[in-house]
Amino acid sequence: MNIDGTIEFIAALFMLAGSIMALISAIGIIRLPDVFTRSHAGTKSSTLAVLLTLIGAFIYFASNQGFYSVRLLLGIAFVFLTAPVAGHVITRAAYRANVKMADTTVEDELKDVMDQVREEAEKERSETGEVIIEDEKVSDKEHSR
Amino acid sequence: MVQGMLTVALTFYGISICISVFRIIIGPSLPDRIVALDMIGVMLVSSIAIVSVMLTTTAFLEVILILAILAFISTIAFSKYIERGVILEYRRDD
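Chains A and B, in that order, are what the protein sequence lines are.
Per UniProt numbering: the first sequence = residues 1 to 145.
Per UniProt numbering: the second sequence = residues 1 to 94.
Bound conformation, chain B alone:
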């Protein structure tokens, strides 16, 4: 019963990752692709959690943290890359 529910959940995550890959392929602009990439990273985190529950091992739990941090940093770096082209110049007060 529990194994069956976990398999169904993992299948749902696989389907949603496939849909996000489709959005990355057809996405009209670069921010579309990055939103989908961020979503794939986040879903990969939770599917790793489900895999580690299915195998009843706690060895994969470090991967969750590291993957979450990598997804966040790559999203920030990509958005800085996009923003660098057409930025307004702001004068900030000291």
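Bound conformation, chain A alone:
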């Protein structure tokens, strides 16, 4: 096997590893109990799957055709940046929309903080909060001047 064949074999091995990671994350997304754990499966391991596959494709095109694709590198960087952000945003929306957690959930530390924030907001609104806030804004502007 010559050197090009070896490099192509390594690229195909990268892609096979990526597809195995994708299969593992699909098993996670069907087996885990609630949306928060499912987003753990659907975000991290599928990001790793895409990274491995695109790196394999990059190596293949670089060795086979001598074509160093900037678009593949851009795709790698973009998926690597955006997939965790998307997972975080959708989990945050799920928590705010009161999606039910699994029965085996031990602790919800965010609930106390959210209750506290809600109470503070209501108190601020009831005690003629608007006037106070406007005064604060005026004083802030004076400070900035």
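The set of hints was computed from the structure by calculation and includes no laboratory data.
Heads up, none of these hints are tricks.
Here are the simulated DSS-like pairs of lysine-lysine, each with C-alpha atoms no more than 27 Å apart in a straight line:
#1 A/LYS44 <-> B/LYS80
#2 A/LYS111 <-> B/LYS80
#3 A/LYS123 <-> A/LYS111
#4 A/LYS111 <-> A/LYS44
#5 A/LYS111 <-> A/LYS100
#6 A/LYS44 <-> A/LYS100
#7 B/LYS80 <-> A/LYS100
If you want a taste of the chain A side facing chain B, the calculated C-beta under 10 Å gives, among others:
#8 ALA17
#9 SER19
#10 ALA26
#11 ASP34
#12 ALA49
#13 PHE58
#14 TYR60
#15 LEU72
#16 GLY87
#17 ALA94
#18 LYS100
Per label pair, the in silico range of CB-to-CB distance:
#19 A/ALA102 <-> B/ILE76: 21 to 27 Å
#20 B/MET1 <-> A/THR104: 41 to 47 Å
#21 B/ALA77 <-> A/GLU119: 27 to 33 Å
#22 B/ARG84 <-> A/ARG125: 16 to 22 Å
#23 A/LEU110 <-> B/ARG84: 17 to 23 Å
#24 B/LYS80 <-> A/ARG71: 26 to 32 Å
It should be emphasised that the depicted structure is a prediction, and the values quoted were computed from it without experimental measurement.
For glycine and all other residues, C-beta sits at the position ideal for the given N, C-alpha and C.
Based on these hints, arrange chain B on the given structure of chain A.
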């Protein structure tokens, strides 16, 4: 050898996309379905990469970028749609 490995990888991606479609169908809540949709978009990106390697053409590489951007934007839009219903009002400092 290489073609066989690529075929196996594409089959694995197909199986995982089918499992995600199953989760979209049975998913109890809307965020479940969106997590699975995001995962389908991401897997579609990598299966397009494998198809373009199998056909040894670089014509499909633009599709990868555009599909990744579309999956991200649709996930953000869906989560904003979910969050709009029961949002707490926060007073932010200037």
